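The listed protein sequences correspond, in order, to chains D and X. Heads up: the first sequence begins at 1 in this note's numbering, then just goes up one per residue. Heads up: the second sequence begins at 311 in this note's numbering, then just goes up one per residue.
It is worth saying that the hints were derived from the structure and are not from the lab. Given the structure is predicted, the values throughout are model-derived calculations rather than measurements. Note that beta-carbon positions come from the ideal geometry of N, C-alpha and C, so glycine has one too. Among the clues, some could well be false.
What the hints assert, rightly or not - Computed, partial: chain D to chain X, Cβ under 8 Å:
1) L42
2) I96
3) L103
4) F104
5) L111
6) F163
7) I275
Claimed, not checked - Pairs of lysine to aspartate or glutamate, EDC-like flavour, derived with a Cα cap of 16 Å:
8) D/K114 with X/E326
9) D/K303 with D/D185
10) X/K606 with X/E655
11) D/K303 with X/E655
12) X/K606 with X/E326
13) D/K61 with D/E121
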Amino acid sequence: MAELFTLPVLLGIIYSGIRLATPYLYAAIGETFAQRSGVLNLGVDGIMLMGAYTGFYVAMKTGNLFLGLMGAAIAGLLMGLLMSVVSVTLQAEQGISGIGLNLFGLGLSTLLFKVTLGGVESIRGFQPIRIPLLGQIPYLGDIFFNHNLLVYGAFLLVPLANFVLNKTTFGLKVRAVGQNPQAADTLGVNIVLIRYTTVCLGGILAGIAGASLSLALINLFQENMTSGMGFIAVALVYFGGWRPWGVMGGALLFSFVNALQLWVQVKGINIPSDIAVMMPYILTIVALTLSGRRARQPQALTKPFERGEN
Amino acid sequence: MPSKSEYSRLLNRTIEALLPLLAVPVALIIGAVLIYALGVNPFQAYGTLFQGAFGNVSGFTQSLVKATPLLLVGLGVTIAFRGGVINIGGEGQLIVGALAATAFSIGFSELPRIILLPLTLLVAALSGAVWGGVPGVLKARLGVNEILSTVMMNAIALQLSNYLLRGPMIDPAEIERGTQIAQSDLLPQAAWLSRLMPRTLLHSGAILAVVMAVLVYIFLWRTTIGYRIRAVGLNPDAARYAGIPVQFYQALSLILGGAFAGLAGGVEVSGVHHRMMEGLSGGYGFSGIVAALFGKLHPLGAIPASVLFGGLLVGADRMQRATQVPSALITVLLGLVVLFVVSSEIWARRRARRRETRG
């Protein structure tokens, strides 16, 4: 057991924990915007799959990772648009429409993958970039400042999202729409527009989250490669109390446990690997339980808006 | 003579009733565009699909075999949704039910058939109920979002199954042969559901599922508990004012939902595979949701809906073999059906609201 926690091991676990947090961060920060405006988008997993496929396919065909990333963002945007039409304009039950979106994204990404690529191919994805000066700091440089572009992007997104939500007029409108749409409506806030914007933004970020898997973390596309990561991302939003910093804390905690679990497997320690894989999910349930009785939940979450109601 | 407004009201009501049913044809049309884009003739693809699913005895019985777990999971989903809770945990509950049925029947293989078979299915239902009960109690006691907790329980069940099937529950023959395929030993024959037709997989579980559908209908519409579950689902605030313990009935509907999905798992091992294996759930936990929604959350409506979607799943394999259109197309169609059905509810709600304001 002592052998498990040597310094290099700890550093390794922290390094991969940060790396593994990337897809969760993009997806969960995007979902935070949607939920703060009152829309529970449960289709994140399906959007991630479409992003992962599109990003991989475009990067493969053009040889340009940034075009791939853009493709993933556009795929995510389109999926977000579909979710907006269903849940905002047509006011459908959000939990169930999310399931529909997931099935749609799972099916379409699998179908397109089988038709256009067929077998599993890998790609040379985004490579780690060592940040000058900061990257030279012993230990810390290796852990924090030697990652690929998408990792940096994910962590920069957190303060940015926090700023937009709390310090801009747009953020104020998003929060108002999620908290009290009737009042926001009286004040002339365009609720439909705000919700379309947040859900589409969530879609774009979920698309990028998918690409961060297929272009940086795993560097290939596989059928159902997210295997439920999108649902975890949604859970992280609850766990993080609908605040970007909280979401980041949740994503890191989850990923550290995951990294630890992977390490335990590699070391062949006496825990069956399948049981170890369970840990992050059990942790998520515990976290949801501890994060209490919806204290900070946006009041209008999952409630479609119809003028003149209530 | 009915007045003009009565005509339009009748027309509205017909549209309202038919709209969700339109979900499948509309999804099929979008699917046809997709097939066309792949360079395949959509008529030919759908031809093989429906021919494969319903065109001959072997295909049709296979469709019924697939419809059985869909119906059972769909019944569980129906109860949960009627109670106002969203159960997405069908997949995990089914896996746990299948595992428990396998372990129990192998452990008690010396029991006579008349006791072993019903007990095996009961154990499957009970384990599913426990698996659905965890999110149920967490929701009732601590307000934990049941959508998320049921999804997490799915992942946990999957890992539990992987662990058991590669370790404690693995077929001893697999170890001897060294093939190490993750599957359990065979269930004792006394725990097998009887086959209904020679040379087909059709088993008496299909009949059991239909009987269950009728029972669920009676339960939801003819008993006090069922009435309360529906009252809680329709309007929790009103139910609370009427003195109904809302949290209790929400938990109960998740527990019952889990029981039916668990039973589906038991029926799958006992009726079809006669052993637990990896991938046994085959996404039934999710397609069961589609069947329930398309059956308009009515237990009897779920019967034809499951046969339809069971058929689509069977036909998709044939279509894939004949025309190279990947069977994943069906997942796309299922997703579209869900999106259309939930979207179409807006017209029903609008009408109900107009009726309310009219007084």
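### List of violated hint numbers, smallest to largest
Violated: hints 6 and 8.
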